[in-house]
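Peer 1: As given, the protein sequences belong to chains A and B, one line each in that order.
Residue numbers for the first sequence follow full-length UniProt numbering, so the first one is 1 and each next one is one higher.
Residue numbers for the second sequence follow full-length UniProt numbering, so the first one is 1 and each next one is one higher.
Hints were generated in silico from the structure; no laboratory data involved.
It is possible that some hints are incorrect.
Stated by the list, open to error - With a straight-line Cα cutoff of 30 Å, these simulated DSSO-like cross-link-like pairs (lysine-lysine) come out:
1. Lys146/A with Lys80/B
2. Lys155/A with Lys302/B
3. Lys146/A with Lys199/B
4. Lys67/A with Lys155/B
5. Lys299/B with Lys155/A
To be verified - From chain B, some residues computed to sit far from chain A (all C-beta separations above 10 Å):
6. Thr7
7. Gln56
8. Asn86
Just so you know, these numbers come straight off a predicted model, no measurement behind them.
C-beta atoms are modelled at their ideal positions from N, C-alpha and C, and glycine is treated no differently.
There are 2 protein chains.
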Amino acid sequence: MASTMQTLEVSLGDRSYPIHIGQHLLSQAELILPHLKRKQVAIVSNTTVAPLYMAQLAEPLRMAGVKVIEIILPDGEAYKNTETLNLIYDALLQNRCERSTTLIALGGGVIGDMTGYAAATYLRGVPFIQIPTTLLSQVDSSVGGKTGINHPLGKNMIGAFYQPQLVLADTETLKTLPARELSAGVAEVIKYGLIRDVKFFDWLESNIVKLMALDTAVTSEAIYRSCQNKADVVAADEHETGERATLNLGHTFGHAVENAMGYGVWLHGEAVAAGTIMAADLSKRLGWLNDAEVARISKIFKAANLPIEAPKLGVDKYIDLMGLDKKVVDGKIRLVLQQGIGKSVVTSDYPAEALRQTLSL
Amino acid sequence: MASTMQTLEVSLGDRSYPIHIGQHLLSQAELILPHLKRKQVAIVSNTTVAPLYMAQLAEPLRMAGVKVIEIILPDGEAYKNTETLNLIYDALLQNRCERSTTLIALGGGVIGDMTGYAAATYLRGVPFIQIPTTLLSQVDSSVGGKTGINHPLGKNMIGAFYQPQLVLADTETLKTLPARELSAGVAEVIKYGLIRDVKFFDWLESNIVKLMALDTAVTSEAIYRSCQNKADVVAADEHETGERATLNLGHTFGHAVENAMGYGVWLHGEAVAAGTIMAADLSKRLGWLNDAEVARISKIFKAANLPIEAPKLGVDKYIDLMGLDKKVVDGKIRLVLQQGIGKSVVTSDYPAEALRQTLSL
Ligand SMILES: NC(=O)c1ccc[n+]([C@@H]2O[C@H](COP(=O)([O-])OP(=O)(O)OC[C@H]3O[C@@H](n4cnc5c(N)ncnc54)[C@H](O)[C@@H]3O)[C@@H](O)[C@H]2O)c1
Ligand SMILES: NC(=O)c1ccc[n+]([C@@H]2O[C@H](COP(=O)([O-])OP(=O)(O)OC[C@H]3O[C@@H](n4cnc5c(N)ncnc54)[C@H](O)[C@@H]3O)[C@@H](O)[C@H]2O)c1
Ligand SMILES: [Zn+2]
Ligand SMILES: [Zn+2]
Chain A
1 MASTMQTLEV SLGDRSYPIH IGQHLLSQAE LILPHLKRKQ VAIVSNTTVA PLYMAQLAEP
61 LRMAGVKVIE IILPDGEAYK NTETLNLIYD ALLQNRCERS TTLIALGGGV IGDMTGYAAA
121 TYLRGVPFIQ IPTTLLSQVD SSVGGKTGIN HPLGKNMIGA FYQPQLVLAD TETLKTLPAR
181 ELSAGVAEVI KYGLIRDVKF FDWLESNIVK LMALDTAVTS EAIYRSCQNK ADVVAADEHE
241 TGERATLNLG HTFGHAVENA MGYGVWLHGE AVAAGTIMAA DLSKRLGWLN DAEVARISKI
301 FKAANLPIEA PKLGVDKYID LMGLDKKVVD GKIRLVLQQG IGKSVVTSDY PAEALRQTLS
361 L
Chain B
1 MASTMQTLEV SLGDRSYPIH IGQHLLSQAE LILPHLKRKQ VAIVSNTTVA PLYMAQLAEP
61 LRMAGVKVIE IILPDGEAYK NTETLNLIYD ALLQNRCERS TTLIALGGGV IGDMTGYAAA
121 TYLRGVPFIQ IPTTLLSQVD SSVGGKTGIN HPLGKNMIGA FYQPQLVLAD TETLKTLPAR
181 ELSAGVAEVI KYGLIRDVKF FDWLESNIVK LMALDTAVTS EAIYRSCQNK ADVVAADEHE
241 TGERATLNLG HTFGHAVENA MGYGVWLHGE AVAAGTIMAA DLSKRLGWLN DAEVARISKI
301 FKAANLPIEA PKLGVDKYID LMGLDKKVVD GKIRLVLQQG IGKSVVTSDY PAEALRQTLS
361 L
């Protein structure tokens, strides 16, 4: 299986790590072996992903003499909790895994976040490799080091910053991804173009059809440039005060939608798409985007089969739901808005009336 | 309340922090205030310690305008688990605590370890202050950054390295400590002298009666020199491969005792004392300690009301129990032994027969 591979190095001093992006990376044990402390790994996956990809990953490792433990969790955001986390610890302890055992996450963002958190906390930290199998996890959770689980009172409330040794983004795995999940990932890809990379946005406009068809070269390039943008933002702002907040473009509106509809009814990426359209509308009211720019934004989301209209919840309901969001500073809702395509700002400096008009659409 | 205070600075680059040691520190809000990001704290304590000291700590803070949340957990090592940890998260979330809320641990090592771990993981990390109220926690867990909880399959299996902003060791709190708990803490104090600080050991010999009587100046000095020794060892060996292992003097034998008798029947420090005597006996068999030195070691433990004889479990039982210990490398039991008072080595290079003789005593 010949394959081209792109590699992005995430620079974090002695915690730097490579992200390899390409086809059929999953079964290339030689990519993984140099990163193991000892020939022992525990692969964490779920009941959906394991039947598709566990053997492809585990067998070549076993052939290379690696002892592989498989930990298969139930599938779903609802299981991203302390009980499921304990299943990982239980399996590690039952198998007497020591500090030199590497945890490998094989799955989407839910598996990645939970496995990363287990790695951060098992024996106060063991090595960790990410093999994200959704587009969203390939372009988003591969970079930034956030790991964690949900609490009944809030999403991602418990966690740790913990960096992987290595990320393998195998574009082939996306072929089995449900179409809606693929689109949801594309929403975050488009986001990077919108907030800080107009050239990437232009390129995406030309290549969106190929991306939706999972053309290999285009998919790989889209992942590479997304991770690079995220890495740049995160590096510039380790403490999440300034530019990092722009990664939340569309998210304050989007969380209100997810919340109102019940988590999981709208996928996160779908809500972000509709939310980004709302942010664009408000930006236009402030004179920061023109009609043509707004039309381009709508068009690319449509081409990705993403919703461009948020549900009509009523202005007050929106305000209420958005107020619950953690981006509120001193009672004012801080929003990520656009000042042209490829340029975003975080601001609470807009007329309340303009926001209400956007929310009443 | 006039009081003298000693301060030890633990040097860890941008994670450095002070340990203040002295009388009546608990109620000096001005020691704490400069370390708060915002005037909001959550004090975690237990049903034994809170009635004794919560008000002394909380009231002056409230007078200074700090919002104080009190989280009172059940008392005991048996509660150092994921369920109790969740009680902390629940309370923090119910009170809408944000990233600027400081967690304060008020209690012994169990409260300190759990609170530190909650601080490491709540919202991926919030600030943390230690107020250890047992001698053991003042001289041991104040330094080193280890936090965590137990798992049914092993002690301290889940955790994180996480440094506090500040440690307050208030010697007054030791006055309510049960006598056995005080002695157990003294075992670790003596340990520092034995492994690396002969002058401290000499000083302890002269001052052990005053220490047991909780003379203020002597107690403060003993805590200061203990923390300094631990800080030196930890700084020299962040990754626990070399010198840090000497902190386990007496612990491999001691864990076997704790384990065999059922956890909690022998206090940890009591088992460490008996274990240290066994290590001394083996060291003598190797010609590394003479009779007079062994006698000095026994004498100081006796003066601290600590056991100097381990239970007679039989050699094979000991070997078996010690084999379970994580300090086994390639089937040989690595032990911390003495080469004189104030000089220890970690070695698996001793005749098996000598170990069997020590274990048969
Ligand atoms: N750590 C971070 O920085 C970060 C960033 C963004 C999102 N997240 C988290 O990621 C999670 C969302 O991630 P997600 O969108 O990947 O969701 P997900 O992990 O739930 O995956 C979506 C669905 O697709 C399935 N799936 C995964 N790979 C597949 C494949 N190749 N073929 C077929 N089905 C496949 C999954 O089993 C699941 O049913 C959330 O919990 C979110 O909080 C974390
Ligand atoms: N983090 C580290 O580096 C480190 C080091 C050593 C031990 N530990 C951990 O510490 C724990 C043992 O700590 P410990 O010996 O302090 O036990 P502990 O916390 O259980 O305290 C012993 C008993 O004394 C009570 N108590 C505490 N302060 C008191 C006071 N001032 N007056 C009266 N009663 C008081 C406690 O409520 C408890 O009942 C273990 O879980 C161990 O794993 C951690
Ligand atoms: Zn998102
Ligand atoms: Zn100890």
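Peer 1: Please go over all the hints and tell whether each is borne out by the structure.
Peer 2: Each hint tested on the structure:
1. Lys146/A with Lys80/B: holds, 26 Å
2. Lys155/A with Lys302/B: violated, 54 Å
3. Lys146/A with Lys199/B: violated, 47 Å
4. Lys67/A with Lys155/B: holds, 25 Å
5. Lys299/B with Lys155/A: Status violated; Cα separation ~57 Å.
6. Thr7: Non-interface label on Thr7/B holds, nearest chain A Cβ at 28 Å vs cutoff 10 Å.
7. Gln56: holds, 31 Å
8. Asn86: Violated, since 6 Å does not exceed 10 Å.
Consistency note: the structure conflicts with the earlier hints numbered 2, 3, 5 and 8.
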